[in-house]
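*Asks:* Here are the chains, one letter per residue:
Number of protein chains: 2
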Amino acid sequence: MTRIAAVQLAPVVGDLAGNLDRAVAAVEQSVAGGAAVVVLPELATSGYVFETPEEARVLALRPDGPALARFAAAAGGATVVVGFAELADDGVYNSAALLDASGVRAVYRKVHLWDREKHFFAPGNARPPVVETPVGRIGVLICFDLEFPEWTRIAALAGADLLAVPTNWPLGPTPEGERPAEVQIAIATARMNKIAIACADRAGRERGVDWTAGTSVVDAFGALVAQAGPGTGTAWADLDLLDSRDKRQAELVDLLADRRPDLYGPLTAAAVRR
Amino acid sequence: MTRIAAVQLAPVVGDLAGNLDRAVAAVEQSVAGGAAVVVLPELATSGYVFETPEEARVLALRPDGPALARFAAAAGGATVVVGFAELADDGVYNSAALLDASGVRAVYRKVHLWDREKHFFAPGNARPPVVETPVGRIGVLICFDLEFPEWTRIAALAGADLLAVPTNWPLGPTPEGERPAEVQIAIATARMNKIAIACADRAGRERGVDWTAGTSVVDAFGALVAQAGPGTGTAWADLDLLDSRDKRQAELVDLLADRRPDLYGPLTAAAVRR
Chain A
1 MTRIAAVQLA PVVGDLAGNL DRAVAAVEQS VAGGAAVVVL PELATSGYVF
51 ETPEEARVLA LRPDGPALAR FAAAAGGATV VVGFAELADD GVYNSAALLD
101 ASGVRAVYRK VHLWDREKHF FAPGNARPPV VETPVGRIGV LICFDLEFPE
151 WTRIAALAGA DLLAVPTNWP LGPTPEGERP AEVQIAIATA RMNKIAIACA
201 DRAGRERGVD WTAGTSVVDA FGALVAQAGP GTGTAWADLD LLDSRDKRQA
251 ELVDLLADRR PDLYGPLTAA AVRR
Chain B
1001 MTRIAAVQLA PVVGDLAGNL DRAVAAVEQS VAGGAAVVVL PELATSGYVF
1051 ETPEEARVLA LRPDGPALAR FAAAAGGATV VVGFAELADD GVYNSAALLD
1101 ASGVRAVYRK VHLWDREKHF FAPGNARPPV VETPVGRIGV LICFDLEFPE
1151 WTRIAALAGA DLLAVPTNWP LGPTPEGERP AEVQIAIATA RMNKIAIACA
1201 DRAGRERGVD WTAGTSVVDA FGALVAQAGP GTGTAWADLD LLDSRDKRQA
1251 ELVDLLADRR PDLYGPLTAA AVRR
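These protein sequence lines map, in sequence, to chains A and B.
Residue numbers for the first sequence follow our numbering, so the first one is 1 and each next one is one higher.
Residue numbers for the second sequence follow our numbering, so the first one is 1001 and each next one is one higher.
What the hints contain is simulated information worked out from the structure, not anything from laboratory work.
The hints are all genuine.
Here are the computed lysine to aspartate or glutamate pairs in the EDC-like style, where the Cα-Cα straight-line distance is at most 16 Å:
1. B/Lys1118 x A/Asp254
2. B/Lys1118 x B/Glu1055
3. A/Lys118 x B/Asp1254
The shape of chain A in the complex, shown without the other chains (with noise of 0.2 Å):
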C-alpha cells in the first residue's frame, strides 16, 4: 500500500517566504506520517488572486532555484508536487513541480486556464508529464484541468497510476447535501479511467474569494476515500496504486481497450456547432 497525503494549505497571496515556510513544513510533517506521496495545492508559494500580472511575476519562481530545492530536500523518500507560480524567459505559468529528494523530475504547465488566470499567466502547450516513482506511475495537472476529459484520458492512456491535482476550487453553489461539482467530477474520472486521483485544494478566503476546501482523494474504484474537510488539514490514503494498471471491469470489459479511437476522430473545436 501507498500513503497518499493531498495537504490542504491556506496560502497568503503575496507572502511567498511565509508560504514557502508552511508549504515545505507541510511535506517534512507527510514525510514523518509515512507518505509516499504529497500533493499540495496548486500555486501554493504565491497565493491565486492576483490583481496585475506583475504582481504575479514578483512571485514566480524559477524551477531550479533555491525555493524548490528546500521541497526537495524535505522530501526524504517521497515524491511531492506542488504547485507554483513559475518564471520563464518566454512568460510565467501557473505550474506544478514533481519532485524527489534527487530534486525536480518533471514540471507541468497547466494547460486549461481558468477565467482571470489568462490575465496573468500564459497558457502551457505540452501533455501531462507521467513520471515512474518508487510506488508507481504519477501523472501531473492543475485545477480545471480535471475538468477536461481528454486532458485526463490521455493522462491514463500515458500509462498514469494516480493523478496529482494541485487545485484552487474557488466556492460556488453547491446544493445542500451534495458534494462539490469538482470531486463529482474528480469521481467520475477516476472510476470511467480506473486511476487514483488526489487533489490538494485550498482553505479560507483571499482578497474576497472563499475556497472550497475540497481536497480528496479518490481510489482507483472511483470511492472516495479521504477528505480533508474545512480549514488547513491532510487527507490521508493507502492506496494500492497498481489497482490502476488492470483496467478490466467484467469478463470482456476493459476501460481502455473498450475505446473506439477509430470513431471518436481528432475532437476538433471545428466540429463544435453554435
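Dock chain B against the given chain A, drawing on the hints supplied.
*Replies:* Positioned in the frame of chain A, the structure of chain B alone reads:
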C-alpha cells in the same frame, strides 16, 4: 420549460408482445403527463440477459416495422427515445430509435458494447445522432457509451442540448450512502459539457441479474433533478434545454471553447502503455 419523462421499466426477456405493450403504454402515460421528451430503457422490447445469439436475433425488430410504428402512434407531440434489439441485414445491433409522430427519425447502434453483449450484438460504427426537435437538440447514446467521455464530448460538440440515454445498469457494489457510479458519471458529464442528461434504467431482476433502478435526470448545471426510485416508475423533470447552449461558466470561461484540441491529438489506442 420542457418536461422530460425518463421511464423505468421491467421488461421480461423473451416477452416481446408484453414488453411492447408496457413500453407503449408508458409512452402514452408520459405524453398524457405533459412530457415533450420520453426516454425508455435499453432493449426495452426484448429484455437483456440473453443465453444465445439466436435468442437475441429472434427478439430483434426492423426499425421500419410495425413495432416501432406503435411508439410513433403513441408519441403525440413528444419525441420518444427507446432501446430495442435491431435486426439488420448484416447482424443484430443493440440500438435506440429516436421517433415522433412522423415516425423514426434516427437509429443509433451502441458502439461500446458491455461485457457479454459482445456475444450477442455487432458494435455500431457511427457517432451518436443529434436530432433537432421542437424543444431542442437531442443526442442519443446507450448505457456503457456514457462512460466514454470521448463519446459524450462528441455529442456535446455536435450541439446536443440533452443526451437521451437508454440504459440497463446491472447492480454493482455501491458504498452505503453513495450514488451508483453510473449516476455519478452522468452528473460529472453534465457538468463538464454543460449538457442535460436523461438516463432511463431498468428495475427488477432477470435471470439472476439485479438492476440498479437508477433512472435519473441531470440538468445542464450537473444537478440531479429527478430519479425514478426503486421499482418501475418515471423520473419527471422540467428543464430549459436551452441552458445547454451557453457554455460559459465564468466571465472568461467557456467549457468548449477553452478546450485545446491542438494538444489532444487523436487519443489513439496506440498511446496505451501497459
